[in-house]
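Which chain is which? The protein sequence lines are G, A and W, in order. Quick note: the first sequence uses our numbering, first residue 21, plus one each step. Quick note: the second sequence uses our numbering, first residue 1155, plus one each step. Quick note: the third sequence uses our numbering, first residue 6, plus one each step.
These aren't lab readings, by the way, just hints derived from the structure by calculation. Just so it is clear, the structure is predicted and the values come from calculations on it, not from any experiment. Incorrect hints may appear among the rest.
As the list claims (entries may be wrong) - One side of the interface only, derived from the structure: several residues of chain W facing chain G at Cβ under 8 Å:
| no. | residue |
| --- | --- |
| 1 | Leu10 |
| 2 | Ile12 |
| 3 | Arg29 |
| 4 | Tyr66 |
| 5 | Gly150 |
| 6 | Pro422 |
| 7 | Trp423 |
| 8 | Trp425 |
| 9 | Val436 |
| 10 | Ile437 |
By construction, the Cβ of each residue, glycine as well, lies at the ideal position given by its N, Cα and C atoms.
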Amino acid sequence: MRFGWLLPVAVTVAGVFAVAYSLRFIHDVFFNGEPIDLPRTPHEPPRWMKVPVEILVVLCLLVGIFPAQTVEPLLAVAATAVLQGPLPEHDLALWHGVSPALWMSVIALAGGVLLYLGRRPLYALHDRLEGRLDARAIFERVLENGVLRWARRFTAAFDTGSLQRQAALFIVSALVLGGSGLLLAPAPLTGTRPLLPVDGVSLMAALALVFATLAATALHRQRLTALILIGAVGLVVALVFVKFSAPDLALTQLSVEVVTIVLLLLALYFLPQTTPAETSESRRWRDGAMALVAGSGAAALAWAVLTRPVDSIAAWFLANSVTGGGGRNVVNVILVDFRGFDTFGEITVLAIAALGIFALLEHLHLPGPTRDFHDPLRRAWDADLHPVIMATFARLLLPLALLVSAFILLRGHNLPGGGFIAGLITAIALIMQYLANGVAWTHARLPAQTHPLIAGGLLLALLTGAASWFFGRPFLTSAFGHVNLPWIGQWIGEFELASAMAFDLGVYCVVVGATLLILINLGLAHHASHPGDAAATEVKV
Amino acid sequence: MEALIALAIGVLTGCGVYLVLRAHTFPVVLGLTLLSYAVNLFLFATGRLVIGQPPVIGSAAAALGQLADPLPQALVLTAIVIGFAMTAFVIMLSLRARAELGNDHVDGRQEGGTQS
Amino acid sequence: MNAHLAIAPILVPFLAGVLLLTLRDLPMPLRRWLALFAALAQVGIAIMLLAAVAGGEILVYRLGDWPAPWGIVLVADRLAAWMVLITTLLALFALIHASDGTDRKGRHFHVVFQMQLFGLAGAFLTGDLFNLFVFFEILLIASYGLMLHGGGAARTRAGLHYVVLNLLGSTVFLFAAGLIYASLGSLNLADIAAKAAGVAPENLGLARAGGLLLLAVFALKAALLPLHLWLPAAYAGTAAPVAALFAIMSKVGAYAILRTATLVFGDGAGSLARLFEPWLLPAALATLAAGMLGALAATSLGRLAAWLVVASVGTLLIAFALGQQGAVGTAGTAGIAAGLYYLPHGTFATALLFLLAEALRRRRPASADSLAPDADMPRHALWGGLFFVAAVAATGLPPLSGFVGKFLILKAAAEQPWVWAVILVSALAGVIALARAGTRLFFSARSADSAAPPLPVYEPHSAARELVAIGGLLLLIFALTIGAGAVVDFTRATALQLADPAAYIAAVLGLEGVKR
């Protein structure tokens, strides 16, 4: 402790001043003649005003004379709490013998007396500085004009409330962090795994994907065009999944794609059709550079991953799917059994998103175009609200689509399919009715609220998971067996029944409920904004 | 083949990043969609590329070792559905923002500002 | 019951949420009671869980009865149980405050609130990287719902920014998880940790990139500089009880950083060891400084509290970063132990300020919570006194727990003048900011000769629930202060457990030596 002497010195100096002002107080009040310049005539205080003072005086005397018996225990508790350890050796007493502490007291006393004796020059100094050296004014000035102004300027410079800046900062941070991880590595980027040969169809598909993505970006200000191009990109992504042995993913991607594009089309109906040219040339270059770095980084990472040999925990899933999970479609068994908890969380996300959207759209008046509106591109609205062929066709298709989704739901455990895909197909089939027949027609025939479906699905998933508790197993433990029904068994034969199927049914319910809730309420929001124009939404799509 | 997939992921990521940095909600949503395609493909790629061997036991494939890695596929499926929920939410939020802020700028500003 | 203790903090809020959704047509008071009962039950379960792991046991819950690393596991160690307890306590008082009318301002408040707790508990307890992603998404989608609850232009704008940024964050999270799976071949955190030391040299770059991308995502959630700009607008813009609950949200990012830094990228990780070290301390110091500058510049109490959240995350991560330096068992664990003591304090103190800002907004119709003088509120002295205590807590002045926390962090940062300087100067800045706010709000009542006549003062129907929530948070801070010795013993034990992840890994992978 190089500055160990500082504290005693400071204490002594403070003591000097304390003695001086105490002397002034005592001397001026009691021994310096009659008081002068009093605003009022003082009088003796009532009894109860003096009692608190007297208590304090007694306390001061007690603490000062018998410190070990009065404050020591309190101080010890407080100091222990702060130090978090044993207290250093200490001893509180009035008289310690001749020690440095005694000399400090002597210096303080003597210094204080001397200071008080020489008070007149100090008063004079004060009088001269009066007004020029107002501590409060100095403090305020330093604070307001210095610290606070600087803090405001600094904060305002960073915190402009711009999303673009925040997004750019995050992207740059991710690029710097990820890049520093990758670039400091010793190994070459390309690994040793043998590459698959390129065939013509794949090359065409890849080029189509790249072209459509670039075109969507270049033409993003024409929103409908960009949206159609993005839809095409999504289809090619589904084809990639087909090509590389992921039929479940392809089906999911395809059905999610359809719902997303329908949603975006509905949304576009309420938004401007074009994006104004809002950004300056320099910003476009800056963003382009960031996009280039991010794109090459992602491509490099993907290339490095794809060219390295696999060494993962995957083989276990393939080996245990039939014996442990009772299903031959390993992806589905992972989803509803091995990693069923992920799925449990995921349907919750979907359910909360639907509820959140429901809350967002409530009481919302969307400024959509009216029937006789012409958009900036002068595209006229189709006068035929519900083309007869489409309406009839959609109605005919509904039972078939429901049948297909039931089929896909049931076979999911063994063949590509499952609750998600089935749920999305059902939802699409029902949305088709809205698109083709209008809100009024469909609404009269379907329950208005899909909340019970969502809640029921979540509850079913929870109960399926908790059922295993009664067998002394952890949450979501599955059971399966082969069932041969006595009556109808002769037609359909023995079939497998897994508890995971009940879980998958819960998934199905949540997907149908959430998707319908989202899309129907968007349609209803428009209905609420334009009561006389209920069907315009469907026309556009 | 691997190079094509890496190229696709790179282009999707780059274009997604560019669109996300635009100043209006609709391009931002499109950018997020492209980014989710990119990351789904990337996650899928961590199982490496296998042709014609879907992870369904008892199908044509002979030995287990040849089947595609099912785990990344399951992860991508989860990611697709979560991504769908999030995309739907951000689309609706952008509609709400349009209604409450009067325009579709991401910061709710009136048109005309060119600096940011 | 004990067999399922590790999953109970996750399933109870889920069940409550689903029940509240099913019973959405019940009268509001009944739903409030149900939600409150669920919140109380969660506190009870969290206490039981903490008691079960306080001795050093690590509870592993194998979902679906599948062995790790193939199935998903929940892991309850001291750190996870501590985070769950802090969350449930905070949630209880936020919920009581929300029952004072906030929950009527939009649909499904209580459902989404319980789902938020479901997501938080899952994020703290899961032992699987991809499952962590899923729970992050749950707590995010729920937080979007809560944040936008009630609507309004400012809220919608801040919400849009928050949602878009977090969607970008989720994308990066998936890239990171993919890289980790591609290079280390697993998703189970313990398995990843076990494999990290033996990572093949050719996969090292991918693993490092994956780990650092994870850091980017967690830093975004934690609002670490330069990724902190979303927080002030989002927290200051949303409803007060939601902002109070969100005080724990940024700590989720800090938790994830601490968990991955000690478990996966700890000293045993070979060439991946201490991956975060070069980045964490500078960013944390800058975050604390930026947070305090923001607090000085703030013009309303809500915004000031939001900036103090940024500052408290900075302080917390300084402590955790100190844990990344220094040898295991000495300075390192001291830093983490100090941080884990400071964490609940910072969370409760900032939550308290959000609730006080709301009290001002309700009682000062003209000036709301902006730092401008206004007419005296009803029960002016009471609110002034509460603000004073909250300010003492938030700035870390003695005698409250913030002082103990900061003192411990300074002690852990011995010999590091930069850390001392930043913490002490920003503590001074915090005192100035809150003292100035207090003076303006409570001691400079509008002068009598002011031109405008004072507006009629609005006193809400009853301040009971507000006062219960605020008083409850104050009591928690007092408890942290009085019980400082016991709490610090616990956080020290927690830090030691984190410093040696072998027991965690063994417990999850079912190896020998489950108990330490």
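Exercise for review: For the hint on Trp425 of chain W, just tell me whether its beta-carbon gets within less than 8 Å of chain G.
Suggested key: Violated. Min distance 13 Å.
Practice item. Using 8 Å as the Cβ threshold, decide whether Leu10 of chain W counts as touching chain G. Key: 12 Å, violated
Exercise for review: Please verify that hint: Gly150 of chain W, Cβ, nearest Cβ of chain G, below 8 Å or not.
Suggested key: 4 Å, holds
Practice item. So, Val436 of chain W near chain G? Judge it on the closest CB pair being under 8 Å. Key: Result: violated, 12 Å to nearest chain G Cβ.
**Study point:** Minimum beta-carbon distance criterion (8 Å), Arg29 of chain W to chain G
**Key:** 7 Å, holds
Check your understanding: Does Pro422 of chain W pass the interface check with chain G, least Cβ-Cβ distance below 8 Å?
Key -> 13 Å, violated
**Study point:** Interface hint for Ile12 of chain W, Cβ within 8 Å of any Cβ on chain G
**Key:** Since chain G brings a Cβ to about 5 Å from Ile12 of chain W, closer than 8 Å, the hint holds.
Check your understanding: Against chain G, is Trp423 of chain W within 8 Å by beta-carbon distance?
Key -> 18 Å, violated
Exercise for review: Double-check Tyr66 of chain W for me: the hint is only fine if its C-beta lies closer than 8 Å to a C-beta in chain G.
Suggested key: This hint holds: Tyr66 of chain W lies near chain G, its Cβ roughly 6 Å from the closest one there, short of 8 Å.
Check your understanding: Under the criterion of a CB-CB separation shorter than 8 Å, is Ile437 of chain W in contact with chain G as hinted?
Key -> 7 Å, holds
Violation of the numbered hints given earlier is confined to hints 1, 6, 7, 8 and 9; the remaining hints are satisfied by the structure.
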